[in-house]
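Note that the sequence shown covers residues 1 to 120 in full-length UniProt numbering.
If you're looking for bench data, these hints aren't it; they were derived computationally from the structure. Wrong hints could be hidden among the right ones.
[Said to hold, decoys possible] Calculated pairs, DSBU-like style, for lysine-lysine (alpha carbon to alpha carbon, straight line, at most 30 angstroms):
1. Lys-40 <-> Lys-86
2. Lys-67 <-> Lys-86
3. Lys-67 <-> Lys-33
[As the list claims (entries may be wrong)] Each pair of labels, with its calculated beta carbon distance range:
4. Ala-96 <-> His-73: 27 to 37 angstroms
5. Glu-107 <-> Gln-42: 28 to 38 angstroms
6. Lys-40 <-> Ala-96: 13 to 23 angstroms
7. Leu-51 <-> Arg-100: 10 to 20 angstroms
8. Arg-106 <-> Ala-71: 35 to 45 angstroms
The C-beta atom is built at its ideal place from N, Cα and C for all residues, glycine as well.
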Amino acid sequence: MNKPLCALIAVLAASGGCNTDSQIYRDQPLVAKVETGMSKDQVQQIGGQPLSITQRTVEPGTCFDYKLTQAGHQQPYNVSFDSQGKVDHKSFMTCAQWSRAQQKAREYSPSTGGMGGGGY
Numbered sequence: 001m002n003k004p005l006c007a008l009i010a011v012l013a014a015s016g017g018c019n020t021d022s023q024i025y026r027d028q029p030l031v032a033k034v035e036t037g038m039s040k041d042q043v044q045q046i047g048g049q050p051l052s053i054t055q056r057t058v059e060p061g062t063c064f065d066y067k068l069t070q071a072g073h074q075q076p077y078n079v080s081f082d083s084q085g086k087v088d089h090k091s092f093m094t095c096a097q098w099s100r101a102q103q104k105a106r107e108y109s110p111s112t113g114g115m116g117g118g119g120y
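Take these sequences, add in the hints, and give me the full structure.
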């Protein structure tokens, strides 16, 4: 596994693991039905209009913010789309949080002089 991907996984685990119990929301339509490769229209048919739509800042694309509600609790959730408008990521964080996680992972990339040493 490459080092930037490992760094991204570590950042996501640290930032997302403390915020939610994904089991609570696993039956929510956005969590249960949205899959990688779906279009924006397909996602909106499942989850409705997002709270906000933002342009991604690290990789070209778009991100939809939603708020999941279950048993009186609310949890942010995002669905992120690549430059072709297809789902490439979803997680229990806001689009802004996801963008920061991607940026941090990129900062640790060997190609940008971060920790990680030499390339392959």
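Quick rundown of the hints versus the structure:
1. Restraint check: the Cα-Cα separation between Lys-40 and Lys-86 comes to about 7 angstroms, which is no more than 30 angstroms; the hinted pair holds.
2. With a CA separation close to 20 angstroms, the supplied pair Lys-67 and Lys-86 stays within the 30 angstroms bound.
3. Proposed proximity of Lys-67 and Lys-33 is supported: the alpha carbons are some 16 angstroms apart, at most 30 angstroms.
4. Remark: the range hint 27 to 37 angstroms for Ala-96 to His-73 is contradicted by a beta-carbon distance near 20 angstroms.
5. A C-beta distance of roughly 33 angstroms is found between Glu-107 and Gln-42, which places it inside the suggested range of 28 to 38 angstroms.
6. Judged by the Cβ atoms, the range 13 to 23 angstroms given for Lys-40 and Ala-96 holds: they are separated by roughly 19 angstroms.
7. Between Leu-51 and Arg-100, the C-beta spacing of about 18 angstroms keeps the proposed range 10 to 20 angstroms intact.
8. The beta-carbon spacing between Arg-106 and Ala-71, approximately 37 angstroms, falls within the hinted interval of 35 to 45 angstroms.
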